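Position chain B against the provided structure of chain A, taking the given hints into account.
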Amino acid sequence: QVQLVQSGAEVKKPGASVKVSCKASGYTFTNYYMHWVRQAPGQGLEWMGWINPNSGDTNYAQKFQGRVTMTRDTSISTAYMELSGLRSDDTAVYYCAREMAVAGHLRAFDIWGQGTMVTVSS
Amino acid sequence: DIQMTQSPSTLSASVGDRVTITCRASQSISSWLAWYQQKPGKAPKLLIYKASSLESGVPSRFSGSGSGTEFTLTISSLQPDDFASYYCQQYNSYSRMFTFGQGTRLEIK
Chain A
6 QVQLVQSGAE VKKPGASVKV SCKASGYTFT NYYMHWVRQA PGQGLEWMGW
56 INPNSGDTNY AQKFQGRVTM TRDTSISTAY MELSGLRSDD TAVYYCAREM
106 AVAGHLRAFD IWGQGTMVTV SS
Chain B
3 DIQMTQSPST LSASVGDRVT ITCRASQSIS SWLAWYQQKP GKAPKLLIYK
53 ASSLESGVPS RFSGSGSGTE FTLTISSLQP DDFASYYCQQ YNSYSRMFTF
103 GQGTRLEIK
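In order, the protein sequence lines correspond to chains A and B.
The first sequence begins at 6 in the working numbering and counts up by one.
The second sequence begins at 3 in the working numbering and counts up by one.
Note that these hints are calculated values from the structure, not bench results.
If you're wondering where the values come from, they're calculated on a predicted model, not measured in any experiment.
Treat the hints with care, since some could be wrong.
Label-pair restraints from in silico Cβ distances [claimed, not checked]:
(1) B:Ser-62 <-> A:His-110: 32 to 42 Å
(2) B:Ser-97 <-> A:Arg-92: 19 to 29 Å
(3) A:Tyr-32 <-> B:Asp-83: 20 to 30 Å
(4) A:Val-16 <-> B:Gly-43: 14 to 24 Å
(5) B:Gln-81 <-> A:Ala-45: 21 to 31 Å
(6) B:Ser-28 <-> A:Gly-109: 19 to 29 Å
(7) A:Gln-6 <-> B:Ser-14: 34 to 44 Å
(8) B:Arg-98 <-> A:Lys-24: 22 to 32 Å
(9) A:Gly-109 <-> B:Lys-41: 45 to 55 Å
(10) A:Ser-12 <-> B:Gly-18: 34 to 44 Å
(11) A:Thr-79 <-> B:Asp-19: 42 to 52 Å
Simulated crosslink set (EDC-like; lysine to aspartate or glutamate; CA at most 20 Å straight-line) [unchecked claim]:
(12) B:Lys-41 <-> A:Glu-51
(13) B:Lys-47 <-> A:Glu-15
(14) B:Lys-44 <-> A:Asp-78
(15) B:Lys-44 <-> B:Asp-83
(16) B:Lys-47 <-> A:Asp-78
C-beta: ideal position from N, C-alpha, C; glycine also.
Isolated chain B, as found in the complex:
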């Protein structure tokens, strides 16, 4: 199985900050990487798919990059609504299985 290592596990930041979250895969996953935002008591919301494609309706301050084994989610200027948990998710085209990263909790400094 491909392991996903997401960092940091917790991130403290202020409104207006630029923040970056990283996911590393234990082997190449091409561009099969997605990012989700989750708020307490709610289902996850898709932000980015295929490593860098912005889901419809998601603000442009969210962006994704990377390929192979290293990926990043960047929020260019944090807004109050962005304080939530974030998860990466990978797809292994060989086994046709999926894995989530451990998650990053983004909190207000």
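Bound-form chain A, shown alone:
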């Protein structure tokens, strides 16, 4: 079945970097944009950016530009999100999410990973 499986929880110190992986299965990885969304404890959803797995093109939310890098490895159908310069307010669950594509991109996220908790603490 179609699924996204993310890497496990991380604990990082302020100033460090974290890299979260998202392995896709059950569909052609390069045919669908992949997005990253985060959710701080008790807060709402925050969109971080997307990567086109076919071309490697990316587009990041202004808030994260300069700190986030999204990459992919098509040989293993895996997307990555790296966030640098971590602060305590980066503590959140990070999700990867596939963008729907039926006769064109539909700008909604139909498949989500299970989430990866990233805790930033000294």
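Only chain B this time, still in chain A's reference frame:
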């Protein structure tokens, strides 16, 4: 950036009620609006895409409407499983960026 204003932030209702949640965009987004349901500790689930298209497998009591700057999600007859948080999400075709609304927590009255 396009701002999304979602209301209400909290909604108390009873099983069988009809409820409506609203999202307003700061400028026109055509029909690029989606709605999600999220339960505690779980990933969001897509309900509606392109403002009014029902995602496969989602019960027909959920419906979406609107275009331009004002959108609504309606649940025609609340079921016990519907008590959750709901988020709208927009796409800006000019900047190719996305934004979520602040969310609505739907609780049992």
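Checklist entry - Is Lys-44 of chain B close enough to Asp-83 of chain B, meaning Cα to Cα at most 20 Å? => result The given pair, whose Cα atoms are some 14 Å apart, holds under the 20 Å limit.
Checklist entry - Ser-62 of chain B and His-110 of chain A, beta-carbon distance inside 32 to 42 Å? => result 25 Å, violated
Checklist entry - Straight-line Cα separation of Lys-41 of chain B and Glu-51 of chain A no greater than 20 Å? => result 16 Å, holds
Next on the checklist: Given a hint of 42 to 52 Å, does the C-beta separation of Thr-79 of chain A and Asp-19 of chain B actually sit inside it?
Outcome noted: 48 Å Cβ-Cβ, so the 42 to 52 Å window holds.
Next on the checklist: Next pair to validate is Lys-47 of chain B with Glu-15 of chain A; report whether the Cα-Cα distance is within 20 Å.
Outcome noted: The hint is violated at about 24 Å.
Checklist entry - Per the hint of 20 to 30 Å, is the separation of the Cβ atoms of Tyr-32 of chain A and Asp-83 of chain B within bounds? => result 27 Å, holds
Next on the checklist: A range of 45 to 55 Å was offered for this pair. Does it hold for the Cβ distance of Gly-109 of chain A and Lys-41 of chain B?
Outcome noted: 30 Å, violated
Item to check | Range hint 19 to 29 Å (beta carbons of Ser-28 of chain B and Gly-109 of chain A) holds or violated | outcome: 25 Å, holds
Item to check | Assessment of proposed distance window 34 to 44 Å (beta carbons of Gln-6 of chain A, Ser-14 of chain B) | outcome: 36 Å, holds
Checklist entry - Range hint 34 to 44 Å: satisfied by the CB atoms of Ser-12 of chain A and Gly-18 of chain B? => result Taking Cβ atoms as reference, Ser-12 of chain A and Gly-18 of chain B lie about 43 Å apart, which means the hint holds.
Item to check | Consistency of beta-carbon spacing, Gly-43 of chain B to Val-16 of chain A, with hint 14 to 24 Å | outcome: 19 Å, holds
Next on the checklist: Given the hint of 19 to 29 Å, is the C-beta distance from Ser-97 of chain B to Arg-92 of chain A inside that range or not?
Outcome noted: Holds, at about 25 Å.
The structure fails to meet hints 1, 9, 13, 14 and 16 from the earlier list, while all remaining hints are met.
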